[in-house]
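Visitor: Go ahead and model the full structure; you've got the sequences and the hints to work with.
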Amino acid sequence: MPSWKLVSGLCLFFFGSLVAAVGVGYAMVGIPSENTAAKSQNNVYYWSNGDQMVATGTGANRQNITIDQIPKAMQWSVISAENKSFYSDSGVDPMGIARALANMARGGETQGGSTITQQFVKNTYLSQEQTVTRKFKEMFISIKVGTSLSKEQVLQGYLNTSYYGRGAYGIQAAAQTYYGVDAVKLTPSQCAFLAALLKGPTYYDPIGATNIDPAATSAANRKRSEARWAWILEQMHDDKRITDAEYQTAIKKYPMPQGLKATKGMTGQISYLVDTAKKYVLNHSNISQTEFDQGGYQIYTTFQKDKVNELSAAVKKIQKERIDPKKRNLDKYVQFGAASVVPKDGAIVALYGGDGYENGHFTNNADTSGVPVGSTWKPFVLAAAMEYGTYKTDGVGISPLSKYNGDDHLKVRNQDGTYVLNKDNSIFYQNNESDHAWGYISLRKAMEQSINTPFVQLGMDVGNSKVRDVAKASGILDDSFATLNASFAIGTSTPSAIRMADAYATFAASGKQADPYSVTAVKEGGQPVAGFAKPTVKVAMPENVANNVTNTLENVIQNGTAENAKALGRDAAGKTGTTDSNKSAWFVGYTQQLSTSIAMFRENPQDAQLLSMNGTAGVASIHGGDIPTAVWTEYMEAALKGKSDPGFPDATKIDKVSNEDGAPTPTPTPVITPSETPSETPSETPSETPSSTPSATESCQFSWQCSDDGGTDGGSSSTPTDTATATESSGTSRGSDNGGIFGGSTG
87 MPSWKLVSGL
97 CLFFFGSLVA
107 AVGVGYAMVG
117 IPSENTAAKS
127 QNNVYYWSNG
137 DQMVATGTGA
147 NRQNITIDQI
157 PKAMQWSVIS
167 AENKSFYSDS
177 GVDPMGIARA
187 LANMARGGET
197 QGGSTITQQF
207 VKNTYLSQEQ
217 TVTRKFKEMF
227 ISIKVGTSLS
237 KEQVLQGYLN
247 TSYYGRGAYG
257 IQAAAQTYYG
267 VDAVKLTPSQ
277 CAFLAALLKG
287 PTYYDPIGAT
297 NIDPAATSAA
307 NRKRSEARWA
317 WILEQMHDDK
327 RITDAEYQTA
337 IKKYPMPQGL
347 KATKGMTGQI
357 SYLVDTAKKY
367 VLNHSNISQT
377 EFDQGGYQIY
387 TTFQKDKVNE
397 LSAAVKKIQK
407 ERIDPKKRNL
417 DKYVQFGAAS
427 VVPKDGAIVA
437 LYGGDGYENG
447 HFTNNADTSG
457 VPVGSTWKPF
467 VLAAAMEYGT
477 YKTDGVGISP
487 LSKYNGDDHL
497 KVRNQDGTYV
507 LNKDNSIFYQ
517 NNESDHAWGY
527 ISLRKAMEQS
537 INTPFVQLGM
547 DVGNSKVRDV
557 AKASGILDDS
567 FATLNASFAI
577 GTSTPSAIRM
587 ADAYATFAAS
597 GKQADPYSVT
607 AVKEGGQPVA
617 GFAKPTVKVA
627 MPENVANNVT
637 NTLENVIQNG
647 TAENAKALGR
657 DAAGKTGTTD
667 SNKSAWFVGY
677 TQQLSTSIAM
687 FRENPQDAQL
697 LSMNGTAGVA
707 SIHGGDIPTA
717 VWTEYMEAAL
727 KGKSDPGFPD
737 ATKIDKVSNE
747 DGAPTPTPTP
757 VITPSETPSE
767 TPSETPSETP
777 SSTPSATESC
787 QFSWQCSDDG
797 GTDGGSSSTP
807 TDTATATESS
817 GTSRGSDNGG
827 IFGGSTG
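Throughout, my numbering is defined as the position within the sequence shown, counted from one, plus 86.
A few of these clues could be false.
Stated by the list, open to error - Distance condition first, Cα-Cα at most 27 Å in a straight line; then the derived BS3-like pairs of lysine-lysine: (1) Lys-170 to Lys-402; (2) Lys-430 to Lys-412; (3) Lys-558 to Lys-598.
What the hints assert, rightly or not - Per label pair, the in silico range of CB-to-CB distance: (4) His-495 to Asp-693: 31 to 39 Å; (5) Lys-609 to Ala-301: 30 to 38 Å; (6) Gly-382 to Asp-137: 15 to 23 Å.
For the record, the hints were derived by calculation from the structure and aren't laboratory data.
Since the structure is predicted, the reported quantities are computational estimates derived from the model, not experimental observations.
Glycine residues also receive a C-beta, built at the ideal position from the N, C-alpha and C atoms.
Guide: Structural data, given as structure tokens:
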């Protein structure tokens, strides 16, 4: 047994060593400076060819001020909300540090500082890693700050170094950003609002931040912000920091901040390119938003300047020719979103996000969900049928020559033969745009003329879960899928323009899919940051399934609702889409080199709800084959100028013809004859009932693709009117998509 002298000596030695270690640690750390923390740098973005796109940072939006320029209400709002014992404590919360270390020992993350002093110290660290070493440094610095600086100096430093969102660091920048005034002029109500932002601007700025998290909608953020604002005012009142009269005045009305403003260089499409690239960086690295906003990063993007300019020019040209909000009220609030992706790669080379931050448009239309895609969804239904077959074929894929009833106002059957019912148990009927009696026609013809009823029944026969699986494998994200009801097959889902371009790129690449990406490399101080390898190319569907979809969509351009795209003058495939009440219109098309999606919609600026485009552009209704196809053709012609025209791989015959129950016995394949020139350019929704005299043949690449559908040149789009159909999109809120691009649910 060791003697008491030995035990005592060891204890004294251990205690002395601990005291010495603390003393050395205390002596070695310095006191943080708010001026040093304010020396943020720019982030520099580069085009795909290495040329600089824009330099943007927070340096111009940060200005330290002295404590006498910070209203007492602002000082007390953060004290009452975050650290009531600020003026009496030592600046360090031992229990908080102990909890953080215990949490770390269990494998969790250490927690942030629980006192204002510790938070000030944390704000001055350019590195925000959660480690034991950093936690001990923070503790030593906090102790030294508590003994070396006055409480006023600590509070001043904290308010000058905190992040309030919208790129605003420090209370002066926050006052200017949110209320357009110097900090000294802030009211108690405004102070409580800004103090609430310190809880996390992503979730407490009422403007919303769905580009970071879909849950951070404007409505949800407003609710969170208003609740915390009221609570902070209540705490200030309870702490006797504001009088009864001041409290009653402050609580009377929520101090809604002003809207977003464009910063230097963030004009035109640049703002949306930066927005897209920033989200990609934050979701593919360990860089926090705070670290990123402090700057010093070089971001190398996939964006090609010429293609970005060509896409913007195409939108502006067609918009100028067709849309005149000064002349027609129904032309007001029309918006476009577009994206262009490289097949077999996933690189986003161009996007169109809207009219620009400088014009008050801060939502990136290329990267938001909430705009139903309509009939552009039908290729996924056809692909699922060719890959998985129907419940009648035991997993054997069916041919696009399989025939389904194309008549209007049809009852839809479940796989057990019962009819699909509405919520009130009445029978569900699927409608077409036209009441033309198509009879039983091939799926190829139904795609050509965008007829709804065959694809709704096909979706039920295949199983809409299989359709969803094919769309997901092609690149569509989980959070954009609509309910798997009968109308799922005709485009009630709401993926972004980026995701639709990427999914169609899977068809262009013969079934190979790569997630869309916007950043190729990130460097800090000349050193590469991990996380930016090119996405892996995966097999999403059998090669022949994709090639047959492509061949079918080539026919849509040659003879169907997208005939306006023939003006491109090269081999291309695509599909038009229109939703109920013409609230959105799409065209997604591709060559082997480029896949591009164009979305057009009207949106109420007050509540972000979609509005009908009936009457827009001076026509009865807008469809995907009209303005969106015109924009697509204009852009693709410029983007592919001088490029070869490789066409598409041949599609191999899929033998299994599985007709819908009730279809007549198949007739022999007719001999190919040249397609007759239609008397009118077909549109997705004809203004008149199509001719009742059917043409006998379709234009086909191979003889086996032709059939005696009895189709006409008329068209029909997805505009079901039954209450059970979900193409009605007026109640859909828009949010950020691209989860796969940017990681997680938000991308």
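Visitor: Hint by hint, say whether it matches the structure.
Guide: Quick rundown of the hints versus the structure:
A threshold of 27 Å between alpha carbons decides the hint, and for Lys-170 with Lys-402 the separation of about 55 Å lies outside it, so the pair is violated. Restraint check for Lys-430 and Lys-412: not satisfied, since their Cα atoms lie roughly 43 Å apart, outside the 27 Å limit. In summary, the hint linking Lys-558 to Lys-598 is supported, as the alpha carbons are separated by about 13 Å, within the 27 Å threshold. A hinted range of 31 to 39 Å holds for the C-beta pair His-495 and Asp-693, which are about 33 Å apart.
Lys-609 and Ala-301 have their C-beta atoms about 32 Å apart, which keeps the hinted 30 to 38 Å range intact. In this structure the supplied range 15 to 23 Å holds for Gly-382 paired with Asp-137, their Cβ-Cβ distance being about 20 Å.
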